[in-house]
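With chain A fixed as given, assemble chain B onto it according to the hints.
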Amino acid sequence: MGTRIFFRFFLYLLLSLLALVYLIPLLVMLSTSFKSIEEIRSGNIMQLPMVWDVSGWEKAWSTACIGISCLGVHNYFLNSVKFVIPAVLLSTLMGALNGYVLTQWKFKGSNYWFGMMLFGCFIPFQAVLIPAATVLGKLGLSDNVGGLILVHVAYGLGFTTLFFRNYYSVFPSELVSAGKMDGAGFFRIFTRILLPNSGPILVITIIWQFTNVWNDFLFGASFTSGMNSPITVALNNLVNSTTGAKEYNVDMAGKYFIRGLLAGSVKG
Amino acid sequence: MSFLKIDGVSKNFGKTHILKNIQLDLEKGSFLVLVGPSGCGKTTLLNIISGLEKESSGNIFLNGKKMNDLPAAKRDIAMVFQSYALYPNMTVAENITFGLEMRKVPKGIIAQKLREVSLVLKIDHLLKRKPAQLSGGQRQRVAMGRAIVRDPLLFLFDEPLSNLDAKLRLDMRMEIKKLHKNLNVTVVYVTHDQVEAMTLADQIAVMNGGEVEQVGSPFDIYYNPINMFTSSFMGSPSMNYLRAGVEKVGSGYKLMVMDLENQVECPLSNPPSAIDQYIGKEIILGLRPEAILLKKMETASFQKKVEVVEMTGAESYLLLLMDKKEVLVKVETSESIQPNQSYDFYIDSSRAVLFDPVSQKNLKAMA
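Note that the protein sequences, when read in sequence, are chains A and B. Going letter by letter, the first sequence gives residues 1 to 268 in this note's numbering. Going letter by letter, the second sequence gives residues 1001 to 1367 in this note's numbering.
Looking at chain A on its own, in the form it has when it is part of the complex:
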């Protein structure tokens, strides 16, 4: 009994230390963002701020210069929110619907269709940039939130379909049969029986999609410009385009607008 508690203690100690090591970059980034420029230059990178200074955050949020506008990243943050939320919700919902059809309403060639959608997961982003740009241009959706939503939904559908198809393939088909016998139609069965029992896979898919879409840089940089850019692009511009001395606290704070939203989400 005594040795077991002892062993447990060391196990948790070791795990905590490893977690700390893993978190060091984030901690350094956070603590740097609260330091003044003087302190950053003079001090130790690992040291916590002597004076907690939020001016870096303020500047990054509302006054830092990106390109020619000096309004900070907040507009870009909103840009990201505006396309990420619809893109995530739409791709998740459509993936769920696809998974439902591919497992519970199988049709001739449904496995072939699924194979094609799965294949979509393997196409690298770069390969579709030019065709996607052409399509968006023809649809009048270039440099536009709607365009980004469309691209991300189309690209995410392969993954979300895969997730839901696999989840629903072990979903008891007797429940669907019972729904049919009870008089529920295609959509009623989906919304009243399938979706309410899809909690785990919904969470996983939303996290997966949110992480991917929020962190996307390539599509944002390719299909939007200037004030319409998502925050990933804006941050790159902020960090890489500053003239003169590097304002590390501003950059770190800006970076945190990306990271912070995802903190704790990946554990799922």
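In case anyone wonders, no lab produced these hints; they're calculated from the structure.
Here are the simulated lysine-lysine pairs, DSBU-like style, with alpha carbons at most 30 Å apart:
no., chain 1, residue 1, chain 2, residue 2
1, B, Lys1295, B, Lys1330
2, B, Lys1054, A, Lys106
3, B, Lys1304, B, Lys1325
4, A, Lys106, B, Lys1020
5, B, Lys1066, A, Lys106
6, B, Lys1066, A, Lys108
7, B, Lys1364, B, Lys1020
8, A, Lys106, B, Lys1015
9, B, Lys1065, A, Lys106
10, A, Lys108, B, Lys1074
11, B, Lys1074, A, Lys106
12, B, Lys1104, A, Lys106
Relative to chain A, chain B alone:
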């Protein structure tokens, strides 16, 4: 036309024939059990009646209406599934009323029906629970409640008792029988358990290899099996089969049972009309365990060593070896019967069933 008419229904998957030209008729208020070994097509037939699966050919009529092109949702048929298939996200009450809600029944009527059904099934104290919080028997009741509350034209049961333990299975079997009697509903019930079939049905359809072998009352199926398949499938323990020769004695007939060392003679009390064709030939003598009796009288008695005694309670099964063939005999339990001792038996030929050794058909069923 009968209440439920299954008219020449077949089902193929490519070249595999799951159902072959099924013909069944069911009157309103009766209880039909489809029974057969696994893979015989009984569940497929049930699914076709429900509309969950589509027949390859043939027609289904319910209450005079052709069902073929109606989807399951519109057939006014309720089904109880093997796994109960209760919606895990809904409470017991929501599970029961879901079907009514889908059919847009007014709220007040739904509440009233829910009350009635939950009282009948004694689940009124469980209405707020989720299926995961129920025992097997309670889930079974909820599943039945979900079917009953809709007051459908036809009830389908797909092996509803196979997930319950033995004791509960007997209780629920009785419940189902009572419900059928009290509500006077029409039921099609699928099972592979022939005891369940016997106890519940007023009509049994024995299925094998996608075909209906025999349809009849439990009595008929048990005492007048149409062929060796039905006779061996229905009845537990199974019927014993012995080889026998037919001989004519005056105006009567007798059987020479060949599997016994000293060919036992056994007069036939009520020979089937086809018997004359078999004089001097071999037939198969089918004997239920209760058709061999333990006694010291009669002409056709023979002595045999008892290998094993299986006591089930008031009755015991004795295992005899006849020419290496195992034969079970049902007797009243008695302390005087011990294994490895020999006793006198006789064959009650009035309970014997005779089969053609080639076609395996009951001689009575042959013209």
